[in-house]
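*Asks:* Please arrange chain X on chain C, whose structure you already have, making use of the hints.
If you read the protein sequences in the order shown, they are chains C and X.
In this text, residue positions in the first sequence follow our numbering: the first is 109, and each later residue adds one.
In this text, residue positions in the second sequence follow our numbering: the first is 108, and each later residue adds one.
Since the hints were made in silico from the structure, they are not lab data.
Misleading hints may appear alongside valid ones.
Said to hold, decoys possible - Calculated cross-link-like contacts (lysine to aspartate or glutamate; reagent style EDC-like; alpha-carbon spacing at most 16 Å):
no.	chain 1	residue 1	chain 2	residue 2
1	C	178	C	134
2	X	148	C	118
3	C	163	X	209
4	C	186	C	123
5	X	173	X	195
6	C	186	C	134
7	C	204	C	134
8	C	181	C	134
9	X	121	X	209
10	X	149	C	118
11	C	178	C	137
12	C	204	X	209
Since this is a predicted model, take the numbers as computed values, not measurements.
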Amino acid sequence: AQTVTQSQPEMSVQEAETVTLSCTYDTSESNYYLFWYKQPPSRQMILVIRQEAYKQQNATENRFSVNFQKAAKSFSLKISDSQLGDTAMYFCAFMKSPWNTGNQFYFGTGTSLTVIP
Amino acid sequence: GAVVSQHPSRVICKSGTSVKIECRSLDFQATTMFWYRQFPKKSLMLMATSNEGSKATYEQGVEKDKFLINHASLTLSTLTVTSAHPEDSSFYICSVSGTGYETQYFGPGTRLLVL
Chain C
109 AQTVTQSQPE
119 MSVQEAETVT
129 LSCTYDTSES
139 NYYLFWYKQP
149 PSRQMILVIR
159 QEAYKQQNAT
169 ENRFSVNFQK
179 AAKSFSLKIS
189 DSQLGDTAMY
199 FCAFMKSPWN
209 TGNQFYFGTG
219 TSLTVIP
Chain X
108 GAVVSQHPSR
118 VICKSGTSVK
128 IECRSLDFQA
138 TTMFWYRQFP
148 KKSLMLMATS
158 NEGSKATYEQ
168 GVEKDKFLIN
178 HASLTLSTLT
188 VTSAHPEDSS
198 FYICSVSGTG
208 YETQYFGPGT
218 RLLVL
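Here chain C stands alone, though its shape is the one from the complex:
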């Protein structure tokens, strides 16, 4: 079974600073996808960034980037130039290749990030 671990329940960062959220996972699959989702106080889950395991290049989306270490099974999220709107719960998620059955996600327990003005 796949497991996803987020070891930082809560974090805070000063506005405009950089913060890194950790995520590790355990799987025997060779092909899979990793995601970071953001859940602000509105509780709407928003896709932040996605990484395909077969791609060596780390995904980036504007101020958000990942450090994907496949051998170490690590998938951290870096938020640069933090903004107040980044305050949210962040969930790391794992999915086996979509060509397998179910497209089921395995979520981490979440990291609550607070951006301090």
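*Replies:* Coordinates of chain X only, in the frame set by chain C:
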């Protein structure tokens, strides 16, 4: 990404009544829909996976007779909480995915309070 709606956004009901929650994929052919439950400040707990036109697959520990899921079309899935009790009070979220599609898109959630 796909736009997903849920209705109602919040509902309050009396214990013993049934509540239906709708999940609509507005611009995406959702071959697969997922239903999650989330407790305050907790992660999402997958309840069931439904594929269009077939019976839902429930996760271990989720009562299929209590949480009825119907996925009759590529754009609509419903979750009915039957004979609701206070312990069923929670935040219910649906998500959609497509065949071979590697991302889930989430609805805004439904807050259920059973008195």
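*Asks:* Could you run down the list of hints and mark each one as holding or not?
*Replies:* Structure-based check of each hint:
no. : hint          : in the structure
1   : C:178 - C:134 : holds (10 Å)
2   : X:148 - C:118 : holds (11 Å)
3   : C:163 - X:209 : holds (14 Å)
4   : C:186 - C:123 : holds (14 Å)
5   : X:173 - X:195 : holds (10 Å)
6   : C:186 - C:134 : violated (21 Å)
7   : C:204 - C:134 : holds (12 Å)
8   : C:181 - C:134 : holds (7 Å)
9   : X:121 - X:209 : violated (39 Å)
10  : X:149 - C:118 : holds (12 Å)
11  : C:178 - C:137 : holds (11 Å)
12  : C:204 - X:209 : holds (9 Å)
Against the hints set out earlier in the document, violations occur for numbers 6 and 9.
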